[in-house]
Structures are given as C-alpha cells and as structure tokens.
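Starting from the known structure of chain C, fit chain E onto it as the hints suggest.
Letter by letter, the chains look like this.
There are 2 protein chains.
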Amino acid sequence: MVKRSVKFKLTIAYDGTNYSGWQLQKIGLGVQQRVEEALAKIFPSVQRIHSSSRTDTGVHALGMVAHVEIARSEFKMAPSKLSLAINAHLPADIRVMSAVRCAEKFHARFDATGKQYRYVIWNHFAMNPLLQNRAWHVGLPLDVKAMRAAAKFFVGRHDFKSLAGTRSYEMETTVRTLTRCDIRRSGATLTVIIEGDGFLYKMCRGIAGTLVQVGQGKIGADEIPKILATKDRRVAGMTAPAHGLVLWKVFYGGKPRGRRDAAEGGKSNSTFSHASG
Amino acid sequence: MVKRSVKFKLTIAYDGTNYSGWQLQKIGLGVQQRVEEALAKIFPSVQRIHSSSRTDTGVHALGMVAHVEIARSEFKMAPSKLSLAINAHLPADIRVMSAVRCAEKFHARFDATGKQYRYVIWNHFAMNPLLQNRAWHVGLPLDVKAMRAAAKFFVGRHDFKSLAGTRSYEMETTVRTLTRCDIRRSGATLTVIIEGDGFLYKMCRGIAGTLVQVGQGKIGADEIPKILATKDRRVAGMTAPAHGLVLWKVFYGGKPRGRRDAAEGGKSNSTFSHASG
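For the protein sequence lines, the chains are C and E, in the order given.
So the first sequence is residues 1 to 277, counted in our numbering.
So the second sequence is residues 1 to 277, counted in our numbering.
Calculated from the structure, these hints are not laboratory results.
Take the hints with a grain of salt, since some may be wrong.
[Stated by the list, open to error] Taking lysine-lysine and the BS3-like style, the derived pairs with C-alpha atoms no more than 27 Å apart in a straight line are:
hint, chain 1, residue 1, chain 2, residue 2
1, E, 81, E, 7
2, C, 218, C, 145
3, C, 41, C, 81
4, E, 81, C, 218
5, C, 81, E, 218
Only chain C is shown next, with the shape it has when bound in the complex (with noise of 0.2 Å):
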C-alpha cells in the first residue's frame, strides 16, 4: 500500500518578540500558528504541526523543531525546495532553517532525547543597543566565579520543583536530568549553556535567575543543593526574563534519554514534559 502522505521534520528559527510564544495561549498570535498559515497556503489540507517544545511569550528559538505531514497529492516540489517555499510565506521573524524527510513513526516531541537552552545575560552598568530584546541587562558586576560554582550543583538527576513555575506542580514527575550548566563568559556577555532531557515550565529561566541572584551574593552557591531539597519555588531566586531566552537545539538519538527511558518515565508527563522555558 502506497502511503497517503510525506512526513517532514522542520527546525525553526524565531525572534520571539514580537509572539504570545510558541503555542498559542489565551491571546495573541502564537509562532505556531504563523507557519501553520504559511504552509496551509502551499498545501492547503495541512492543519496542524506538531512541536518538540513551547516556549512562552518574548522566548526565542533558533532551534525549535517540529513535523508536519503533507498529503502526497499535494506535495509536487523536490523535497530541498520546502525550507525555501514555507519562508516565502513567513514574515522575517521567524524561518524555517531545514526541512528534511523524515521517518513515518517520527514524533517531534515523543523522540526528543534532550534540548538545549541558552540564557543571555549582559552584564555592564548600560545596555547593549545591538542587544535588545535579546539578553537581560543587569547592570551590577557580577560574581561569575560563585555562579560556575553554583550552576554545577544543577548538574545530575534532581528534582527541580524549586525552580519552575508553580503550573509545574501539577505534574507527576518534576525531576529532570541536566546534563550540562555552564557559564561562558565574552566581555560583558554571559551566556547560560543549559542542556537536559527535559524541562519544566520555566525551569531555565528560574535556573537563570537563581544563578543571576548568587552572583550578586544574594544566595550562596553552597545552598543550591538545599534550595533543590526544599521543593518550593519561593526559596530559589527570581525567574529571569523571557527576552534572555533561547531555545537552541533539541537531541533526537544521539544523547541520553535519560528521565523517559527510567523508572518513572513514561507519556503520562510527557504532555508536560515541553512546556518548558
């Protein structure tokens, strides 16, 4: 039997700034929404695309990835053509950065492996014209010594109820694996490298600005392990804006899956398991 449709996996770029976020939520236009309008214009039976993450309002993405099924009959272009014929429909703030075949069974969401988030900050008494909308300006010196110290203590298997937002609660499972938190440091520029198997609802953004508030020395580094143990958002720091905030990658194969391959995994959290930033 001839299969009735093609399956692409699409990686999407967006400056976030001008969206109520990826999804789209109570109000507002939704970036989701945008390239489901651009592709529904070449092939009108598309509906719905189907994404690894969300991320909310001002949340950036270079790599957010998603697939989308397109009716064979409808499909007549040569498959490197797509990237190029969805962003002649797209405004300039978002682009589809590759599109490529992919397998029938594949799941954006249900097969990511891992993502990586990466937290701008720049750190000088004035802002960064060039950097607008796109790094929190904090503009007292901080102590990125203690915030390395600190941001190793996220490293591992942790429950990170602490850290996320309270919607967060309602979920069956809050631990999540991080396999990476490191800090690089380019003149005034701080960037948060953030990698894990998954994230809760504003997990890196309260991750961010904890570490923001230990190099201020507002928190120690060393009460990272209890602010985990505590399980209660109001004993870790503030949630660092969205603006700061971009969803860079997402791991299919190739990295660990670590917390869904475990004991508690399973799709019971999974629905949860993208509503991450």
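Chain E only, in chain C's frame:
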C-alpha cells in the same frame, strides 16, 4: 588660572537601524544629534560633541568615541554618574557605555591612532531571525578558505582607492595601513575583523563585499593585489550592505599611528579620514 570647562571622553554604542548615520547628512536624524540633545538637557551650554568617526545609515557601533566640553559652572554631579545621566535622556537604541575625564588637549578624532570594525555575515540559505539588521544574509555557501587567503592581501600599507567609495577620490591620499583582516567562523556566522590606522569612505564595506565575492568564486583570492594596484573602484567587488557593519573600537595611544605620523600625513586629509565605513 582655573579651567572653565571639564572635558570627557564618551564611548557610545548604537543600533544604527533607525538613524541616518552618526552625523546628520542631508535628511534624517543622526545619532550625534540625539546625544547632543541629551547632553544639552543636562548641561544647557553644550552644543557640539566631536567624534572619532562617522558611520553611514544603518551602520552600528559599540565603540564610537566622542569628546565633549562641559562648563565647570554647570557640572555639579559626581563624574561617575555622567553616563547614567546622559543615558536617562537617550532612546534605548543609543547608550553611553563609558564617560571618563580626559586631558584638556584630548581630541577624539585627531588623537585616534587606529580603529577596529567588524563585519558580520550570516551564511546559510535561510536568514537567522535573531540577526535581522545585524548581519548580511549570504544564502549560498562561501569558500572561507579562499576568503582568508584574500583577506591576507589587504593587511599592510596599501592604496585602498579601489575598495572605497568614490567620495574618497577627492582626498589627498588614499593610502592606509591595515594591521588586521581576519575572518572568524562560528557556525553560519562569519565575522570579518578589520583593524587599521584609518579608513576611507565605505572602505570596510568594499573589503567585506570583495571578500564575499571571493568566497563565491567570482573573484580569485590572488587577484586582490592586482585590484589594489589598479586603484579603480570598478575592478573590486561590491559594497557590502551597511547593516552588517559595526564600529567596534577606536584606539588611542597604544597602537601605531602609521599614516598620520608618516610622510604624507597631516591634518589636510583628516577631514575625510573619519568618514569611514
């Protein structure tokens, strides 16, 4: 005798997207005007600031330098608060990054011994939405090895007439010394770092455009010496668009002041020596 004014060296950053360059040209708003207006709100007697450089419409800066003289009778704040005070009167796309007392004889333009520009290229078929107005989108793959080979030929003391805008033809000399012309690659981002004792009008953009055409195979890397020798703008590559260029840094003292210290130097051509980009 007590000096009646205090002099400050300002380092200014701006997103050039919404300005008609640094200095007011025929129409539109210049960044300089905005800075002068902000200063005049705090110190009514300030009318003019004097800058190291000019930049064209759309060109950005992280390290534009200007000096300003402020009447001592008007200057009542702690000097350390000056940049914060000016920034309070500036739009978010212009920021004073530092303001330091300087010697009475300091001149932002005449004392500059060198400048560094950076030209950013995004080399991928789809533009990066986070680099809109920040990088030149070059869609087809570039041969970076050939570009690096070509870049080496620009380093040293040359007549750059064939790389600069025709406005430079009126100048006494079009000889300049480049101390650096490197290409950094990070993923799809190429950054051309150009450092020299002075720049002709549109010279950086001429170099960047020529290097891209070398990367596209339209110009051979080994043709650069011939292009320089011809001293004819028509033989070099295109002028790269303004929005990829950033005036990164202006040097004082530490770097050799090749051209102006040398035989053909002098104030006669310094009127144009800062009309760069």
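A quick look at each hint next to the structure:
1. E:81 x E:7: holds, 15 Å
2. C:218 x C:145: Holds: residue 218 of chain C and residue 145 of chain C sit about 14 Å apart, inside 27 Å.
3. C:41 x C:81: holds, 15 Å
4. E:81 x C:218: Between residue 81 of chain E and residue 218 of chain C the Cα gap is close to 25 Å, so the pair holds against 27 Å.
5. C:81 x E:218: Status holds; Cα separation ~25 Å.
Checked against the numbered hints given earlier, the structure satisfies every one of them.
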